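Chains as they are written, first to last, in this note's numbering: chain A, 283 to 576; chain B, 5 to 320.
Calculated directly from the structure, the hints in this document are not laboratory data. Being a predicted model, the structure only gives us computed values, none of them experimental. Virtual Cβ for every residue (Gly too), placed ideally from N, Cα, C. Certain hints may be false.
As the list claims (entries may be wrong) - From the structure, some residues in chain A lie toward chain B, with a derived Cβ separation under 7 Å:
1. T400
2. V520
3. S553
As a plain string of letters, each chain reads:
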Amino acid sequence: MMILGKPAPLLFGQLLLGIINGSFYAMLSLGLAIIFGLLNVINFAHGALFMVGAFVTWGLLNYLGIGFWPALVVAPIIVGLLGLILERGLIRFTYKLDILYGLLLTFGVAMVLQGVFTNYYGSSGVSYGGPAVLSGIVNLGFMFLPIYRGFVIGAAIVICFAVWFVIEKTSLGALLRAATENPSLVQAFGVNVPRLVTLTFAGGVALAGLAGVLAAPLYSVNPNMGSDLINTVFAVVVIGGMGSIGGAILTGFALGIIQGLTEAFYPPASSVVVFVVMAVVLLARPAGLFGRAA
Amino acid sequence: METSTILGFTRTQALGFLVMLALLIAAPFFVYPIFVMQVMCFALFAMGANLIMGYTGLLSLGQAAFFGMGAYVAGYTVQSLHFTPGVAVILGGLTGVVLGLVFGWLAIRRQTIYFAMITLALAQIVVFFAVQETGFTGGENGIQNIPRGMLFGFLLLTHDLQIYWFVLAVFLIGFLFVHRVIHSPFGQVVKAIRENESRAISLGYKSEQYKWIIFVLAALISGVAGAMNSLVMGIATLTNVGNETSGLVVLMVLVGGIGTVFGPLIGALIIVAMQYYLASFSDWVTVIQGVIFIACVLLFRRGVVGEVAAMLRTAL
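This is chain A alone, in the form it adopts within the complex (with noise of 0.2 Å):
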């Protein structure tokens, strides 16, 4: 079967590849854009702790023998407890300077992580197994799924529905989104808002961990898959702008998607067609598809 002139198969292949691509963009800028949205920082370390998500992800499988299901819940842990110290001991110093220090500072703090991890790993990494239940493959008639990618893409979008719904349809959600606002009233009314500042940059820290998770298996674990990744996420954040975790969730899957096709049609411009969507989303709409004008 052809379809636009290619083979269907090769056609599903690049889209499933787009949509996996799609699911980590979605999932790390959906975090990139709590933390902004409280914080006012933008995260520059957020690649370098997916990264640590997958590493710890192995190590515990390696030193400890826990496997990748008690994984998927006690990395996010680790990681967001690392976020927590961070934000604690470094970040939450730089809420009173110029916006540009923050970015300066999780510069830093990425390039130490990258450089610890490099220097006891090496940077070709190390690999990681999976789930044993979720290898194998199966035809779905069209093309042929493996099942570990199939899962990917349905934890990618129920955890970023469980975010969604969490932000814009509970009362803690409520609260964040007020303390976005105008973080002093809010205080006003009793709220600890220095907590809730914390405890949402762990969050949104985890949510980078969580995908680091789901990273190992598919990647090669090294020191830069964090870095490699995070340059395409920040051009997804400028398409998108930062005002909406909808529209976070929706760019990031879209632009996986515009890669995967562009993969299929015209293989040496996928690469770069992310980055070649911005300047035109810039060109048009300087503020970002869902963004609200700087």
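Chain A is fixed; fit chain B onto it per the hints.
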């Protein structure tokens, strides 16, 4: 405040300039000349970044695109097209200008963190280009054994000391050029925009155009710096164009002192020296640099030169 000035320099700055000049003339006789030349190349690069960071208040994380492409163009034209080093350096600068015009045109539409992310993303395109176009860039190997050749028909640049005078001359031209830009009426408007953009706009200044010009000038200087660096080192590689280099130049400006005259040179000296003398620690250098980044943001936001200037209660 600045009662007497010499060519726009305050007295302390003029004194600082003379000390710098004397040290740089004496340096190659006491220190490994290649090291000092690399410091000057990176200082030039950092002066470009400082122009953006210090005088528009914007943070570009894509400066390596200009530096790296300047290096590639100079390396390629000298090695494959047999251009003379002087022409190659000019072409390196022009490469920076062309890229800077495009990057600036897009990035200037957003401010603060978005500006930083956009410049980073645009620089990523240049990295992909450098990886893919192996015929031009040499891919993973880079362009190697770039010949230094002759300059003006009499300076034999293969001699370390002779190329040193060439690098010093270009460095000084760059230094005085940046100084002139900052102290020109144009520079005053740029500073006014940094201090209060809405007021500058209400006075009729087109703030975006001013920022764009500064961005392009910085790209020009970065391209020249990259071209010089490739001639000095004899190679142009993916490292020159990569994001680590963009981070490094920001670190140099931060360590030296954002918006200071001598900061970029001091910052470049510290960071390049670290890479030379701590090379045996391999990847721990990255960790140390990251720690310096954090320390600068939390403890020494004025940088080395800024702290000294504050102690002396003068501008340096």
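Going through the hints against the structure:
1. Restraint check, A:T400 versus chain B: the minimum CB separation of about 4 Å is within 7 Å; hint holds.
2. With a cut of 7 Å, the hint placing A:V520 at the interface with chain B holds, because the nearest CB-to-CB distance is about 5 Å.
3. With 7 Å as the threshold, the beta carbon of A:S553 comes within range of chain B, its nearest partner Cβ sitting at about 5 Å, so the hint holds.
The structure shown violates none of the earlier numbered hints.
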